[in-house]
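Enquirer: Sequence:
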Amino acid sequence: MQFLAEITSGLAALAAATYCFVLARRLKRFNQLETGMGGAIAVLSAQVDDMTRALERAQATAGTSERQLRALTERAEAGAEKLELLLASLHDLPEDGEPRRRVLRRRQRETDIEAAQ
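Under UniProt numbering, the first residue of the sequence shown carries the number 1, and numbering increases by one thereafter.
One or more hints might be untrue.
Derived CB-CB ranges, DEER-like [said to hold, decoys possible]: (1) 59 - 84: 34 to 42 angstroms; (2) 51 - 73: 28 to 36 angstroms; (3) 32 - 10: 27 to 35 angstroms; (4) 57 - 79: 26 to 34 angstroms; (5) 58 - 38: 25 to 33 angstroms; (6) 65 - 22: 53 to 61 angstroms; (7) 57 - 18: 49 to 57 angstroms; (8) 41 - 79: 50 to 58 angstroms; (9) 85 - 62: 33 to 41 angstroms; (10) 57 - 25: 49 to 57 angstroms; (11) 49 - 6: 51 to 59 angstroms; (12) 83 - 57: 32 to 40 angstroms; (13) 61 - 41: 24 to 32 angstroms.
Read the hints as simulated data drawn from the structure, not as lab findings.
These numbers were taken from a predicted model, which means no experiment stands behind them.
Every residue gets a Cβ at the ideal spot worked out from N, C-alpha and C, and that includes glycine.
All chains, full assembly: derive it from the sequences and hints.
Expert: Here it is in structure tokens:
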């Protein structure tokens, strides 16, 4: 009976050694940098670094574009205000059929100013 227990124990140890050997080979292949998971992790890490740099460049470009757009918008608003003033002044012009009215403005002479004082 003891002999049977020793054989069973030996077979279990042999099975455990085989299992450990298989796991060691799998782990070695898993960690290989060229073909295994280690390589995939290294590639993904490099891609993350590239994406981080690309994101930083995109943020800098967006900031520059935002400042330029803001300046152009302010210029456009100023131009629109000038155009509104010009259009408002065009409403004061007479129609084609109406005679033109002249407004005469007299300049005050120095003698008139002195007399008024």
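Enquirer: For which of the previously enumerated hints does the structure constitute a violation, in increasing order of number?
Expert: Checked against the structure, the only hint that fails is number 10, while the rest are satisfied.
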